[in-house]
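2 protein chains.
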Amino acid sequence: MLPFPTLIAIQRNTNVPVNLQIANAFIIQIKKGLLPPGTRLPGTRVLAQELKVHRKTIVAAFEELLAQGWIETIPSRGTFVSRKLPEGKPKELAQINRVPEPLRQTGYALTRNSTLAVPVLGKSTGLRIDDGFPDVRLAPVAALSRAYRNVLQRGSARSLLTYSDIAGNAWLRAELSAYLNESRGLQTSPDNILITRGSQMGIYLTTQVLISAGDNVIVGDTNYWVANAGFRQAGANLLRVPVHEHGICVEAIEALCRKMPIRAVFVTPHHHHPTTVTLRADRRIRLLQLAEAYRFAIIEDDYDYDFHYQSSPILPLASADTQGMVVYIGSLCKVIAPSIRIGYVAAPVSLIEELCKLRRIIDRQGDPILEQAVAELFREGEMKRHMKKALKAYHQRRDYFCQLLKAKLGDAVDFRIPDGGMAIWTKFSNDIPLDMIARNGAKKGLYLSNGRIYDPEDRSLNATRMGFASLDLDEIEEATGLLSQTVQTLRFPISG
Amino acid sequence: MLPFPTLIAIQRNTNVPVNLQIANAFIIQIKKGLLPPGTRLPGTRVLAQELKVHRKTIVAAFEELLAQGWIETIPSRGTFVSRKLPEGKPKELAQINRVPEPLRQTGYALTRNSTLAVPVLGKSTGLRIDDGFPDVRLAPVAALSRAYRNVLQRGSARSLLTYSDIAGNAWLRAELSAYLNESRGLQTSPDNILITRGSQMGIYLTTQVLISAGDNVIVGDTNYWVANAGFRQAGANLLRVPVHEHGICVEAIEALCRKMPIRAVFVTPHHHHPTTVTLRADRRIRLLQLAEAYRFAIIEDDYDYDFHYQSSPILPLASADTQGMVVYIGSLCKVIAPSIRIGYVAAPVSLIEELCKLRRIIDRQGDPILEQAVAELFREGEMKRHMKKALKAYHQRRDYFCQLLKAKLGDAVDFRIPDGGMAIWTKFSNDIPLDMIARNGAKKGLYLSNGRIYDPEDRSLNATRMGFASLDLDEIEEATGLLSQTVQTLRFPISG
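Protein sequence lines correspond, in order, to chains A and B. Quick note: the first sequence, position 363, residue 369 per my numbering, numbers continuous. Quick note: the second sequence, position 81, residue 87 per my numbering, numbers continuous.
Treat the hints with caution; some may be incorrect.
Which copy is meant is left open, so a pair is good if it fits within one copy or across any two.
30 Å max Cα-Cα, derived DSSO-like pairs, lysine-lysine [to be verified]: (1) K449 to K265; (2) K390 to K412; (3) K390 to K62; (4) K363 to K265; (5) K265 to K90; (6) K433 to K412.
Since the hints were made in silico from the structure, they are not lab data. All values reported here derive from a predicted model rather than from experimental measurement.
Start from the sequences, fold in the hints, and give me the full structure.
Written out as structure tokens, the structure is:
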């Protein structure tokens with residue numbers, strides 16, 4: 007008989023039942039070839055004594071092995087390793103018993119997808135000047151937590167726990183439709199609304215559904231990198247047109263339309279990403295007219311509509327669209343919190359249906375419990391109260407950040423005070439490379455993007471977005487102070 | 007002066023501020039051409055009298071219009087419609103003032119994607135024999151609600167409210183890795199785990215990352231339609247091989263491998279979808295050997311591993327994979343509740359990284375609050391307690407459903423008692439078309455799929471999945487009773 011106690015190591019300090027441990031050990035030995043097909047196994051009584059376990063445990067292990075087809079019982083002869091197993095090369099012990107350290111490589115060919123070059127965000131423990139994130143300390147956490155619990159505790163929760171509408175929770179679609187119509191002059195019905203996981207899923211679905219390989223798509227130079235990645239993933243031919251002080255250059259778009267068929271134009275008219283400029287009214291109208299004339303889709307990403315400080319927010323292109331030219335994409339991630347990934351697409355029903363088809367095989371549906379909870383925050387007025395509070399705080403922070411930036415950094419930086427949004431597009435003087443500012447700042451405990459994520463592929467702008475919304479006034483003072491020190495040290499190094 | 011009071015209708019019973027209503031009305035009139043560029047506007051005082059509002063409201067409306075660029079002020083001359091507006095054709099009043107009923111058609115060309123033929127699920131108010139869904143009445147709702155609230159109320163919630171790891175919450179990855187290693191013999195580290203939105207996102211990401219247009223992919227005949235749709239979306243050339251009593255025919259796979267390069271094989275070995283058969287041990291090993299020899303990826307969808315009644319669950323292919331051939335996909339949706347969309351992929355790190363790149367532009371990340379809450383349910387043993395309870399209930403329901411099906415339907419149906427899972431694959435006698443059973447059943451208040459969703463494209467199997475898990479014993483009795491009545495009436499119609 008084989009030395010089973012050495013082959014079958016039983017671990018007591020684990021949650022795996024002993025009978026399963028024994029069965030697994032047999033499987034490993036069979037696979038290794040130590041127990042070839044046809045091998046007679048010892049009786050359960052003998053094995054129980056050998057392994058110092060109860061006989062019932064061995065019986066259970068054998069039942070498991072029988073059920074899985076690893077062993078077979080021949081009446082009045084005994085139990086044998088199944089003869090139906092293919093004869094494989096015995097595997098080496100080391101491979102099978104290795105400790106679970108991560109397997110790194112695939113056994114099949116794997117090509118790195120360079121279209122999807124995801125920027126790696128630096129980790130920071132200190133102060134962080136981000137891309138323009140909201141301050142989650144202001145997030146309506148208590149209200150959300152309460153709403154979530156209420157939804158789950160209600161008798162009607164059952165319908166929210168099972169599969170539901172691909173397009174999203176009906177209540178939230180109705181609330182969003184009303185909110186968009188009221189606040190932005192859109193003319194939607196709930197059927198025009200698809201609730202997504204953040205605006206990113208809206209962009210992804212739209213790019214994959216509308217764009218076929220080789221389609222010409224116009225984007226700003228520069229543009230939101232996630233949108234560019236989505237278009238490239240769909241095989242688009244990306245055409246870049248300049249973005250000026252008054253937004254994307256519509257004349258350049260028109261010139262391209264005259265030359266070739268254009269499938270779509272991607273814009274962030276309210277606060278262009280990354281430069282924060284607003285598309286001027288006349289350019290908006292002209293763009294819409296061009297879309298109607300040349301039959302291209304306008305994908306309008308309005309990611310932070312709700313935060314505008316100069317006047318009331320400017321109405322989106324979608325509010326003037328009567329011909330179904332605009333796919334309007336927005337998000338609550340900046341309003342509530344980035345990890346509460348609820349966004350939406352407002353578009354003609356025929357497009358919503360196509361987006362739903364693709365969404366059906368990506369994640370089936372959203373989170374109906376969370377969506378219902380957010381719908382109730384809208385209905386109770388909690389969303390509006392929160393937005394008002396956040397708007398006031400961010401307005402103050404924008405002003406203070408810009409004031410200190412000017413005072414402390416002087417001619418080292420060039421920026422315009424943004425009309426809205428959560429970030430300042432800041433160009434640094436060419437004699438101080440952002441790469442070095444970022445690296446040296448990190449040593450002082452200040453995180454700042456080196457700006458490469460915002461650069462078009464072929465040149466370095468030495469500019470970055472500086473988010474002001476997530477820092478309170480004290481933190482703004484500290485962050486601009488550290489930034490100023492970093493820049494000073496780089497500009498006027500003290501030689502040893 | 008134009009009759010402004012008739013042009014500018016102020017609504018009091020709306021949440022839109024009056025100044026914004028006035029500004030929007032002006033924009034509409036400018037766009038319609040009623041107020042062409044250069045038109046002089048009346049003074050604020052006059053207009054306030056005309057419209058019966060406070061003068062400050064008009065001033066605010068004009069400030070808004072100025073900020074947006076619709077009007078301009080020429081010092082000592084007055085306020086005019088901006089000259090920079092392009093001259094557009096005036097739009098018709100009806101178009102602009104239409105009530106928000108849903109816009110149906112896009113203004114650009116939209117092709118229906120027939121690759122993504124999403125089956126429409128019938129709505130039912132009565133009893134529902136589903137595809138094999140869990141009973142959400144058993145879901146650990148109270149524990150989940152408590153865990154969710156605890157997570158949100160903790161000081162550390164801040165880090166869970168902002169952007170986080172694309173691959174998922176670190177705690178849950180660690181819990182899942184340990185759980186998979188313990189329960190299924192996998193050898194993963196947390197770095198091998200990507201948390202997805204249900205197993206569907208795991209399948210979608212894997213198909214899109216691994217498959218290029220024209221790649222040969224082998225699937226079962228029949229197969230889970232969502233996987234087929236994902237492969238087709240990626241442009242795969244789908245090759246179908248038969249699925250027998252003992253699972254997918256590995257000899258047929260081998261024959262195809264000899265003829266042409268194979269990129270991937272998709273299998274649901276534990277409980278094949280839709281037929282519920284289990285892949286026999288020798289076929290599993292042979293399939294893994296083939297993958298190593300021909301360097302194809304095995305995509306192993308193990309969607310309901312945790313529910314197996316005959317013996318302990320059979321270990322996944324992934325547990326015997328030392329070469330990184332298997333992409334292992336699972337889900338907690340069947341364990342907790344379908345709308346709690348947490349699934350996972352276990353695979354070599356290099357593939358996880360590629361999946362993350364695509365995931366980054368689809369939905370950025372999962373829900374870290376929910377993931378943290380679920381991690382805590384694992385840690386507290388709540389998940390295991392719940393699974394044990396559910397397993398016991400479903401085992402009993404399977405037995406009772408099968409018993410009544412046999413007793414009440416007799417030779418009208420042909421089925422095998424499934425070893426596990428949540429549904430019975432049931433073939434109906436050819437003289438009673440499922441389509442008619444489904445239609446007539448609905449009239450009696452019984453929903454049953456007509457089975458077309460499970461059919462290969464070119465033939466009708468007259469078979470369907472009958473989920474037993476979501477019905478309690480009384481409901482099973484009622485459902486099988488209604489089904490029996492429906493079938494009897496179809497087979498032996500009482501003539502007038």
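Comparing the hints with the structure gives:
1. Taking the shortest Cα distances, K449 and K265 never come within 30 Å of each other, neither inside one copy (51 Å) nor across copies (59 Å).
2. Taking the shortest Cα distances, K390 and K412 never come within 30 Å of each other, neither inside one copy (33 Å) nor across copies (58 Å).
3. For the identical chains of this complex, K390 and K62 are inter-copy neighbours only, at 23 Å across copies versus 65 Å inside a copy, given an alpha-carbon limit of 30 Å.
4. Neither within a single protomer nor between protomers do K363 and K265 lie at most 30 Å apart by alpha-carbon distance, with minima of 33 Å and 34 Å respectively.
5. For the identical chains of this complex, K265 and K90 are inter-copy neighbours only, at 26 Å across copies versus 68 Å inside a copy, given an alpha-carbon limit of 30 Å.
6. For a Cα distance limit of 30 Å, the shortest separation of K433 from K412 inside one copy, 12 Å, qualifies, whereas the shortest one across copies, 76 Å, does not.
The structure fails hints 1, 2 and 4 (numbered hints given earlier, in ascending order).
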